[in-house]
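The chain contents come next:
There are 2 protein chains.
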Amino acid sequence: MSDVITLSYLIETPDSPEKLAAKIASDQSTGTFVPLAAETEELKNRVAARVVSVTPLPFSATPSFPTNENGPFNRALAEIAFPFDAIGTDLSALMTVAIGGVFSIRGFSGIRVVDMKLPDAFAEAWPGPQFGITGSRQLTGVQGRPIIGTIVKPALGLRPHETAALVKEVIEADVDFVKDDEKLMSPAYSPLAERVKAIMPLILDHEQKTGKKVMYAWGISATDPDTMMRNHDLVVKAGGNCAVININSIGFGAMAFLRKRSQVVLHAHRNGWDILTRHPGLGMDFKVYQQFWRLLGVDQFQINGIKVKYWEPDESFVSSFKALQQPLFNQHQQPLPVAGSGQWGGQAPETFDRTGRTVDLMYLCGGGIVSHPGGAGAGVKAVKQAWEAAVQGVPLEDYAKHHTELAQSIATFADGKGA
Amino acid sequence: MSDVITLSYLIETPDSPEKLAAKIASDQSTGTFVPLAAETEELKNRVAARVVSVTPLPFSATPSFPTNENGPFNRALAEIAFPFDAIGTDLSALMTVAIGGVFSIRGFSGIRVVDMKLPDAFAEAWPGPQFGITGSRQLTGVQGRPIIGTIVKPALGLRPHETAALVKEVIEADVDFVKDDEKLMSPAYSPLAERVKAIMPLILDHEQKTGKKVMYAWGISATDPDTMMRNHDLVVKAGGNCAVININSIGFGAMAFLRKRSQVVLHAHRNGWDILTRHPGLGMDFKVYQQFWRLLGVDQFQINGIKVKYWEPDESFVSSFKALQQPLFNQHQQPLPVAGSGQWGGQAPETFDRTGRTVDLMYLCGGGIVSHPGGAGAGVKAVKQAWEAAVQGVPLEDYAKHHTELAQSIATFADGKGA
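Residue numbers (the working numbering), protein chains in the order written: chain B, 17 to 435; chain A, 17 to 435.
Some hints here could point you the wrong way.
Copies of the same chain are indistinguishable here, so a pair counts whether it falls within one copy or spans any two.
[Unchecked claim] For lysine-lysine, the following PhoX-like pairs were computed, each having C-alpha atoms within a straight-line distance of at most 20 Å: (1) K133 <-> K35; (2) K323 <-> K39; (3) K35 <-> K229; (4) K338 <-> K303; (5) K225 <-> K276; (6) K213 <-> K325; (7) K417 <-> K253; (8) K213 <-> K184; (9) K338 <-> K228.
Keep in mind that the hints were calculated from the coordinates and are not lab data.
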């Protein structure tokens, strides 16, 4: 018997969840609106999707989508198996058949894809991360603690020499990683080539002097994959080793194209992802979404963090982190989870405790480093101290008694003052 | 003064819409969570987004997203102008800055992008449709009426020779256009190369005999743009002139890559789009979405139709149609709107009347043609008759008195029996 691709859907409907589950299976494989002579049983057996189970959940009094129908709105978790032969390993085919089309079906008051299990053929067909955790650690030389990163802000408007001045400050502050804001790609006032020319020498100089090469993630994303490859090549030529990729904006195809040719660490920013997940009754879980992007080759995955400035609740960050920790295929590298947004070190203990007490992550602080009252250098020290405390299980306040920088961070950023 | 890119957002919040609008403008341009010394006024003026207007709308008693906050939920339409220099013409930059990131902002109980106005620089930077309405008409030889198309069903499972047998039937039925179901790309049981080999000779034979070349839209979509181009090339080499593209599944980059090299009409299937639009308080309007894909080069755009089998209401189809009719940039071709799903001719009068009485569309019928009791030939005739009646303003029932095939269609498909 051949393999199957299994998807789990959270179905909400004033109608019968079983009926809707059967409709997904039918519509997304052999089904059509009028029975056709050629639709033989043999054919159906070959490619027809099959409802594996429909597990009832408590109903909802209100619908997730506005509807004219009356409640209660029945909810269930439906598991549907698609024969591997119906889809193959092409990720856009998988997205089209098992996810995309499902959302057009009539009769739902809510529909969300919450899990996906892929057969091993996908591991052969797709490369996965080229660097992942292991490569990120090798390139930064950071072992035994989180890789500490920062972001150059303001997001937009700095000219290359202005950005360079800020970068100089943070690399001298002994940060491990710096990134362009994801909104900064190659606008007229700061073309990527100019930015690379202004900044890369600072990184190489610092490496010469200290032996430490700061990883800089360049905003190489571009709609045209040829342009993106030119951007990639100029970064590589200048000695760069990382790039920020706006994965949703460029799409699967461009990511596949880049990964086949890439020599750099691919740091994914998932802006736009919130549209797919912000309403809990619609869209998909990160658990599903991340599988596509890991197969395509994301090395470092931004997933927000604890107490972020965005809408995303802490639980959502924690479950995203756990999804990334889960091996997808054994022969693939594990991606590096990146915690960021409003981070200053204060969230280190909770981040550590809720993610299985791991230090295999990047911890990205913007204001939490550069707005430290002692300067960026003190900011980096404070973040490292916060992680030492977290790993040792010492409360931050206690650790701060003998660690001035952390004490200053707490005085500046704690208790809702925020980074 | 340089150009601006203007976006309109439907904001819903228990807080102040003005405050949230200001937050979008700040977060998505120069804003950061801690004021930085380098963030000068000069810089802000160069790239800062600006709230143009906030127009209050009636509040909502219930939130679009579940929230712990109490209502009422204030609603407003906010117009925000982004300096062209902050973004440039890159579509993934535009998506990242003006759309993607907005959905991560805290404090909304609903957020939807409802309009977008782009400056002329985008017309220079992007090619738009290569064929559009004009090219589609030239290649099919159809003038003065809708291009009549059909879809090979079942969606999945037919082997190439089985698909070919169905295609033979519909091309002999005098249909103008045939397409692979969008879920059929290149699975093991029906590799694209085999399908082309089995079907293309039938189309070329028919052309030899009748002078009429049926346009066949091949499922060339693939995640890897190199694979997609190989698919494209084998279609072109065999004499094909059209392809179905799963635009959301492949993404902007792959579409840009294809359009630069394409010699065929690009027929867009937007599966997955419903995730972005099904909840009226979240996501974006087609009016916004279609601008990206038109710039990237979609020639024919599937947008459902009147009384479809999917969730999408008729009003949504009508407004999508109108969005496509609206010239985007004068120097670009107009794309061909494609009405489909459950169509059999019965929807022709309403389609015609509600879309500005135009015949510049493709009218795509599956069962409405192939399940006609008189066979596919009678099905095509019936659909053409329905459109003649619509254009002449004659009720279908009257026109059917002297048009047997239409009369049979009405008897088979009308009054909720459905195509």
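field: Homomeric proximity label, K338 with K303: Cα distance no greater than 20 Å
entry: within (9 Å within a copy, 38 Å between copies)
task: Have a look at K35 and K229 and pick one of within, between, both or neither, based on CA distance no larger than 20 Å.
output: Answer is neither: 58 Å inside a copy and 42 Å across each miss the 20 Å cutoff.
field: Up to 20 Å CA-CA - K184 versus K213, copy category
entry: within (13 Å within a copy, 60 Å between copies)
query: Given identical chains, is K417 near K253, meaning Cα to Cα at most 20 Å, within a copy, between copies, both, or neither?
result: Answer is neither; intra-copy 46 Å and inter-copy 75 Å both fail.
task: Could you place K133 and K35 in one of the four classes (within, between, both, neither) given a Cα distance threshold of 20 Å?
output: Intra 23 Å, inter 43 Å, cutoff 20 Å: neither.
task: Up to 20 Å between alpha-carbons, please classify K213 paired with K325: within, between, both or neither.
output: neither (33 Å within a copy, 56 Å between copies)
query: Are the CA atoms of K323 and K39 at most 20 Å apart within a copy, between copies, both, or neither?
result: So K323 and K39 pass the 20 Å test across copies only (18 Å; inside, 40 Å).
- request: At 20 Å max between alpha carbons, let me know whether K225 reaches K276 within a copy, between copies, both or neither.
  value: neither (34 Å within a copy, 46 Å between copies)
- request: Have a look at K338 and K228 and pick one of within, between, both or neither, based on CA distance no larger than 20 Å.
  value: Answer is neither: 30 Å inside a copy and 58 Å across each miss the 20 Å cutoff.
In this structure, the earlier hints numbered 1, 3, 5, 6, 7 and 9 are contradicted, and the remaining ones agree with it.
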